[in-house]
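Protein chains in written order, with this note's numbering: chain A, -10 to 259; chain B, -10 to 259; chain C, -10 to 259; chain D, -10 to 259.
Warning: the hint list may mix true and false statements.
Pairs involving identical chains hold if they fit within one copy or between any two copies, as the list cannot separate such chains.
Calculated pairs, DSBU-like style, for lysine-lysine (alpha carbon to alpha carbon, straight line, at most 35 Å) [said to hold, decoys possible]:
1. K249 - K229
2. K234 - K(-7)
3. K80 - K31
4. K80 - K229
5. K229 - K38
6. K234 - K80
7. K70 - K37
8. K38 - K70
9. K(-7) - K31
10. K125 - K31
11. K(-7) - K18
12. K221 - K70
13. K234 - K37
14. K125 - K70
These are calculated hints, taken from the structure and not from any lab test.
Number of protein chains: 4
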Amino acid sequence: KDVKNTLSVYNFKAVGIAPVLSQEAQWAKGALSALNENTRRKAIDRCKKAIDIARELGAEILIIWPGREGFDFPFTTNYVKLWNNYVSSIKEVAEYGSDIKIALEYKMEDPSSYLLHGSAGRALATILELRMLGIKNVGINVEFAHAKLAKEYVPETIVLISRYNALYHLHLNDIFFDADLDLFPASVHTLEFIELLYWLHEVGYSGWFGLDLFPRYIDAIEMVQQSIYNVKALYNALEKVGWAKIRNVIELNNPIEVQKLIREILGTKP
Amino acid sequence: KDVKNTLSVYNFKAVGIAPVLSQEAQWAKGALSALNENTRRKAIDRCKKAIDIARELGAEILIIWPGREGFDFPFTTNYVKLWNNYVSSIKEVAEYGSDIKIALEYKMEDPSSYLLHGSAGRALATILELRMLGIKNVGINVEFAHAKLAKEYVPETIVLISRYNALYHLHLNDIFFDADLDLFPASVHTLEFIELLYWLHEVGYSGWFGLDLFPRYIDAIEMVQQSIYNVKALYNALEKVGWAKIRNVIELNNPIEVQKLIREILGTKP
Amino acid sequence: KDVKNTLSVYNFKAVGIAPVLSQEAQWAKGALSALNENTRRKAIDRCKKAIDIARELGAEILIIWPGREGFDFPFTTNYVKLWNNYVSSIKEVAEYGSDIKIALEYKMEDPSSYLLHGSAGRALATILELRMLGIKNVGINVEFAHAKLAKEYVPETIVLISRYNALYHLHLNDIFFDADLDLFPASVHTLEFIELLYWLHEVGYSGWFGLDLFPRYIDAIEMVQQSIYNVKALYNALEKVGWAKIRNVIELNNPIEVQKLIREILGTKP
Amino acid sequence: KDVKNTLSVYNFKAVGIAPVLSQEAQWAKGALSALNENTRRKAIDRCKKAIDIARELGAEILIIWPGREGFDFPFTTNYVKLWNNYVSSIKEVAEYGSDIKIALEYKMEDPSSYLLHGSAGRALATILELRMLGIKNVGINVEFAHAKLAKEYVPETIVLISRYNALYHLHLNDIFFDADLDLFPASVHTLEFIELLYWLHEVGYSGWFGLDLFPRYIDAIEMVQQSIYNVKALYNALEKVGWAKIRNVIELNNPIEVQKLIREILGTKP
Chain A
-10 KDVKNTLSVY NFKAVGIAPV LSQEAQWAKG ALSALNENTR RKAIDRCKKA IDIARELGAE
50 ILIIWPGREG FDFPFTTNYV KLWNNYVSSI KEVAEYGSDI KIALEYKMED PSSYLLHGSA
110 GRALATILEL RMLGIKNVGI NVEFAHAKLA KEYVPETIVL ISRYNALYHL HLNDIFFDAD
170 LDLFPASVHT LEFIELLYWL HEVGYSGWFG LDLFPRYIDA IEMVQQSIYN VKALYNALEK
230 VGWAKIRNVI ELNNPIEVQK LIREILGTKP
Chain B
-10 KDVKNTLSVY NFKAVGIAPV LSQEAQWAKG ALSALNENTR RKAIDRCKKA IDIARELGAE
50 ILIIWPGREG FDFPFTTNYV KLWNNYVSSI KEVAEYGSDI KIALEYKMED PSSYLLHGSA
110 GRALATILEL RMLGIKNVGI NVEFAHAKLA KEYVPETIVL ISRYNALYHL HLNDIFFDAD
170 LDLFPASVHT LEFIELLYWL HEVGYSGWFG LDLFPRYIDA IEMVQQSIYN VKALYNALEK
230 VGWAKIRNVI ELNNPIEVQK LIREILGTKP
Chain C
-10 KDVKNTLSVY NFKAVGIAPV LSQEAQWAKG ALSALNENTR RKAIDRCKKA IDIARELGAE
50 ILIIWPGREG FDFPFTTNYV KLWNNYVSSI KEVAEYGSDI KIALEYKMED PSSYLLHGSA
110 GRALATILEL RMLGIKNVGI NVEFAHAKLA KEYVPETIVL ISRYNALYHL HLNDIFFDAD
170 LDLFPASVHT LEFIELLYWL HEVGYSGWFG LDLFPRYIDA IEMVQQSIYN VKALYNALEK
230 VGWAKIRNVI ELNNPIEVQK LIREILGTKP
Chain D
-10 KDVKNTLSVY NFKAVGIAPV LSQEAQWAKG ALSALNENTR RKAIDRCKKA IDIARELGAE
50 ILIIWPGREG FDFPFTTNYV KLWNNYVSSI KEVAEYGSDI KIALEYKMED PSSYLLHGSA
110 GRALATILEL RMLGIKNVGI NVEFAHAKLA KEYVPETIVL ISRYNALYHL HLNDIFFDAD
170 LDLFPASVHT LEFIELLYWL HEVGYSGWFG LDLFPRYIDA IEMVQQSIYN VKALYNALEK
230 VGWAKIRNVI ELNNPIEVQK LIREILGTKP
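Make the full structure from the sequences, and use the hints.
Set out below in structure tokens:
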């Protein structure tokens, strides 16, 4: 309730709640997918409690980051049971929170060696499996850096997920190669980010954006501020050229014309 | 018919037919997903013809390797249309060949920069989408090397695909890093291959194996022979230890015990 | 001589000569590093002939792309001999062409599974080894896409190579992930390319640029033209902000200030 | 002195000393390469103190793991100064400890986004640069998992480093893809590990091995024990076949014969 009051004082709105399912020692060998039934029940219970909190705060989304749903060593795990446990836990959580959007935040690896929901495609398979069982409130939270770990091109991934009406939320940030340090959005993969913003516009995404940043030796408020500026500035660059014009060039499917378009978006000439 | 006769003379059986949908110039900008409707129709027609041939030869499987179903350049492609075209082409082919298993052979990249069916998860999403439309004869052909390009651990991937009864075929081979040179199966990722054979046994896979090899400066028949020997030898190593014993160790979910097991499978002691 | 005449008619200048050492069948198992001494001699001879041609045409650089100097299979190769052969071949070629710059074009892999000169660091080790023997005309040709295969950040790599006065030439292009398709320069890694141009300016690079492009279904002349435009446009964007200003911001070593700088270079505001 | 006494009681020998240069907050923006001169001096001083301790304990090696010698954000760093600082710090440390072997433990990335000594080649370049200045006590500590992050094939890397007499030490462990979790040696890349042991034998490596393991939920002593067993068992498998026989097969440079050899080493038949 204190949280609720504080939010209302500052006119903030809680959008998503993310239960801790990886950092604590109890989840070392899995949480929602744990082969230990006791541990798995605890993980489900924590998600249910998080749903209760989400309802109390008026938050629409429960974000599940499955950072321990996988394995660390080869030849050590019954993958059949692991997948069964994992999907049936998500099912139970989604049924409990049928009025809440359950957003799976896939990631290829780290902190475990290998994660079951490593890519958008794998999360989609679970989502469609659940839909065939009548459960329709499970979707995806795309974290830009995690998508890069899976060798995805994020603008295309967004379109694929939207094809299934499963794009529930985005975590904006960036990454160099494989060290997931939660850098400023668009500060590395700048052009990919511009195309991402274009396709979010085209698929009519109307949800929220989160910033998943890790400030370390930077002032945290400044990092958030510059991140917002980066996104807005690139959005403005697209608007200045105009959605219709960009759309027309893309319809040509001609990489020559696209080079001209990119230079125009970047506001520079040869 | 000549092919049919030759097969029968040698007591061979045609298992899978794979229409050419990537190497020819006409598919440079896509085949089943082509934005050019004329090209897309040609690709569908070729698949239908391949289904006719499969029926004639008594082959059970049509393998679709979507090597051009993707794109080469950023910001150049309408991904919404690309996915629509691709899935509806597969749908049409699958409906035409409703008595044939349509096996999608996913690959992350190469020869195009980026392929729609880059990973098992993405192929599964399409398969489940089609099942929701009543089409149940689309599954997967796992090529070991392609799975590695997607940073998959193949034993686990096999289990995931089997969860959806979608494991139609495997192409056995191996790869170093990212250059897809179709090496001898198990000649690089040996332990992973051993675990793969274990899980194929456990999920009760009863389909065929293909060898997708590229002999280059090696005698082709010798390469096939050694590839078969590699697989058989590793299968024998597992059998010698015994499926029940291996199963029991894996149930312990204890990496310490697994090290002992691996050394036993490899037939060596400290 | 015909080539020489044609060049002079069009007022073109031959900059670099690149002997074919990989695509032909004779180099399947290596050229300059070949374990077969006969093959290795042929490769050296070809390089010497290329040096003769370079002299005739007035070209300054011999580009060696060691696409077969490595191996395809594990456990098959005597790496000690491979490295000995390779370095002593380069030594012999460099001594023959002591008035020519020998530029090694490193690449991680493809067409062979694994290449000896996979990264800038490995090429530098050879270069410094040769310098200790008094051979000072061996350096590097950086191909942007190849550097990405080695997980290098190209602006930093340029600085490292320049530290050893070994930056002889650049091949400009771009790449998505690992499929080396020779895309337009700056068409994927746009921001990295901008920073690359900045550091080429700062280290005072005064050599030539080559475009290593693969037009496929694009008009080749158009592809070259747009590639030049891309590079010039980004250079202009840097000049507009001004080298001194950029330098001052980088000296601050503050990622917050850098975000502002990047937005200014991209000509857009939040 | 307490450490010294304890070591002698148990008849242990200190082999290497590794000063902490990354985990502490003071090194967040670099230690030996720090652009802040004050920080850089502190890092050098710590290395000198570690050399004093090494001398006191009779340890031969100082291991420098440069986990913060690089950068996190694009366009934020003067790479010229960074490299200058880094190499001159190593030089100063190596001169101070001229009777100690300074072993650089390269790593591609993590905990920083990008590290200067990301690969064996880059470490070798620094080592050769220092040799040209008369400093001959700098070499390499190869950590198996770090080499994999750089897409190296470790048996070949060992040979390359030995070519320069720079193989000072090894950290044995293993890794899945890119999450550096310090798994049991040979528990993932088993065949590569076997070939590594072969080449360590062939190049006559007579130094120490360290185990860089991260036990997490495993008993630490058991993890060390099984790691030693893994290495010994694979060494025994090689010995059983015999060094001469293996050497003879490798000299054939024929992948067909190698498949037979591998099956023999693994103690299994088709």
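Hints versus structure:
With identical chains, the CA atoms of K249 and K229 are at most 35 Å apart both within one copy (15 Å) and between copies (19 Å). In this assembly of identical chains, K234 and K(-7) lie within 35 Å of each other by CA distance neither inside one copy nor across copies; the values are 44 Å within and 46 Å between. Proximity of K80 and K31 under a CA criterion of 35 Å is satisfied intra-copy only: 15 Å inside one chain copy versus 42 Å between copies. Taking identical chains as interchangeable, the C-alpha atoms of K80 and K229 are never at most 35 Å apart, the minima being 44 Å within one chain and 40 Å between chains.
For a Cα distance limit of 35 Å, the shortest separation of K229 from K38 qualifies neither inside one copy, at 45 Å, nor across copies, at 49 Å. In the homo-oligomer, the alpha carbons of K234 and K80 lie at most 35 Å apart only across protomers (33 Å), although the nearest pairing inside one protomer, at 44 Å, exceeds that limit. For the homomeric pair K70 and K37, the shortest alpha-carbon distance inside one copy (22 Å) is at most 35 Å, but the shortest distance between copies (39 Å) is not. Taking the closest pair of Cα atoms, K38 and K70 come within 35 Å of each other only inside a single copy of the chain (25 Å); across copies the shortest separation is 41 Å, beyond that limit.
For the homomeric pair K(-7) and K31, the shortest alpha-carbon distance inside one copy (25 Å) is at most 35 Å, but the shortest distance between copies (47 Å) is not. Proximity of K125 and K31 under a CA criterion of 35 Å is satisfied intra-copy only: 24 Å inside one chain copy versus 37 Å between copies. In this assembly of identical chains, K(-7) and K18 lie within 35 Å of each other by CA distance solely inside one copy; the values are 33 Å within and 38 Å between copies. Proximity of K221 to K70 under the C-alpha cut-off of 35 Å is restricted to the inter-copy arrangement: shortest distance 27 Å between copies versus 45 Å within a copy.
Within a single copy, K234 and K37 get their C-alpha atoms no closer than 47 Å, and across copies no closer than 39 Å, so neither meets the 35 Å cut-off. In this homomeric assembly, K125 and K70 come within 35 Å of each other (Cα to Cα) both inside a single copy, at 24 Å, and across copies, at 25 Å.
Hints 2, 4, 5 and 13 from the list above are not met by this structure, while the remaining hints are.
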